[in-house]
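Engineer: Generate the whole structure from the sequences, applying the supplied hints.
There are 2 protein chains.
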Amino acid sequence: MKRTSFAKWPCSVARTMDLFGDAWTPLVLREAFYGLRRFDEIQAGLGIARNTLADRLRLLVEEGLLEKQPYQSEPVRYDYVLTDKGRDFFGVIAAMMAWGDRWLADEAGVPIALHHERCGHDTQAEVVCAHCHEPLTASDTAMRMGPGYPERLAARPDVQARFAGRSA
Amino acid sequence: MKRTSFAKWPCSVARTMDLFGDAWTPLVLREAFYGLRRFDEIQAGLGIARNTLADRLRLLVEEGLLEKQPYQSEPVRYDYVLTDKGRDFFGVIAAMMAWGDRWLADEAGVPIALHHERCGHDTQAEVVCAHCHEPLTASDTAMRMGPGYPERLAARPDVQARFAGRSA
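From first to last, the protein sequence lines stand for chains C and G. Take 0 as the starting number for the first sequence in numbering that gives the first Met the number 0 and just add one per residue. Take 0 as the starting number for the second sequence in numbering that gives the first Met the number 0 and just add one per residue.
Don't read these hints as lab results, they were simulated from the structure. Please note that a few of the clues may not be correct.
Which copy is meant is left open, because identical chains are indistinguishable; a pair holds if it fits in one copy or across any two.
List time: in silico SDA-like cross-link candidates among lysine to any residue, alpha-carbon distance up to 20 Å [what the hints assert, rightly or not]: (1) Lys84 with Ala104; (2) Lys7 with Gly145; (3) Lys7 with Ala53; (4) Lys84 with Val60; (5) Lys84 with Arg57; (6) Lys84 with Glu106; (7) Lys7 with Gly46; (8) Lys67 with Lys84; (9) Lys84 with Thr51; (10) Lys7 with Cys131; (11) Lys7 with Ala48; (12) Lys7 with Glu125.
Structural biologist: Have a look at this one:
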């Protein structure tokens, strides 16, 4: 069954999840952040079925997060390398990792530590305001219609109520 | 078909995606961040099938991101309210929104603006190091085994290579 597409919703969360609404997709990308580039390495690292991996790699290439670079001819074989768009997704992965560390770790502690080589400390991601650099929370932010919000939706009373009424 | 479970993998990204490896789940949570609490409001807002919504709400309650608070008896009806664990997921949503705004917006511009009431500016999420507060990028971080990494895996040569070799 074809699932609902969120690619055209006026919401960047929906559009992003339309790409990542499958647990394998970010995990394949995670492998790229570990420096893995080859089909067989990624397949062994994740224990993923070959057809599933081929499918997710094709999606990530089509969407421009990975690009194929031939490393051998006859037969041609490819490395899968992060693009700028793919590399920029690291922040989302790091934010997810921090939340999972806080809420899903068992008594043994966090499974993986994120070491920040630049400052020399084991650290965690923190999500802050790009303007004032204070942590962003649900209670001190509000969603507003942006320039790309569709006019036909903007006039609807239920949509106006949504943007007026937020108080999580 | 039951999909692969990632809940016990030694990786907070995998564990988090085990919860969110479905596009509807974070979108239901998004509705909670807009302040929506009632089944019918959320159903109308997302245009989601009732059985799908019931399923995702049950998951979010079971996993402790939402809690049910009765607002009426005979018949009993519930509000779905964010817990601390659910509210804390806002950072991940905000990081996703920023990435989607940068890479998935069309010429019209971003669909929704995030307004930071605390500083008074329309802003974007930025993912920084909790220690030095500089932006976290793939190239200046390294993954290391944490205290919760399983010993039986830690000894494997392929796992050691993974943690030694990362260079994305």
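Engineer: So, for every hint listed, does it hold in this structure?
Structural biologist: Status of each hint after checking the structure:
1. For the identical chains of this complex, lysine 84 and alanine 104 are inter-copy neighbours only, at 13 Å across copies versus 29 Å inside a copy, given an alpha-carbon limit of 20 Å.
2. Taking the shortest Cα distances, lysine 7 and glycine 145 sit within 20 Å of each other inside one copy (15 Å), while across copies they are farther apart (39 Å).
3. For a Cα distance limit of 20 Å, the shortest separation of lysine 7 from alanine 53 qualifies neither inside one copy, at 25 Å, nor across copies, at 24 Å.
4. Only within a single protomer do lysine 84 and valine 60 lie at most 20 Å apart by alpha-carbon distance; the minimum there is 11 Å, versus 34 Å between protomers.
5. Within a single copy, lysine 84 and arginine 57 get their C-alpha atoms as close as 15 Å, which meets the 20 Å cut-off; across copies the closest is 34 Å, which misses it.
6. Within a single copy, lysine 84 and glutamate 106 get their C-alpha atoms only as close as 36 Å, which misses the 20 Å cut-off; across copies the closest is 17 Å, which meets it.
7. Only between protomers do lysine 7 and glycine 46 lie at most 20 Å apart by alpha-carbon distance; the minimum there is 14 Å, versus 33 Å within a single protomer.
8. Only within a single protomer do lysine 67 and lysine 84 lie at most 20 Å apart by alpha-carbon distance; the minimum there is 14 Å, versus 39 Å between protomers.
9. For a Cα distance limit of 20 Å, the shortest separation of lysine 84 from threonine 51 qualifies neither inside one copy, at 22 Å, nor across copies, at 32 Å.
10. In this homomeric assembly, lysine 7 and cysteine 131 never come within 20 Å of each other (Cα to Cα): the closest approach is 31 Å inside a single copy and 37 Å across copies.
11. In this assembly of identical chains, lysine 7 and alanine 48 lie within 20 Å of each other by CA distance solely across copies; the values are 19 Å between and 30 Å within a copy.
12. In this assembly of identical chains, the alpha carbons of lysine 7 and glutamate 125 never lie at most 20 Å apart, being 29 Å within a copy and 24 Å across copies at closest.
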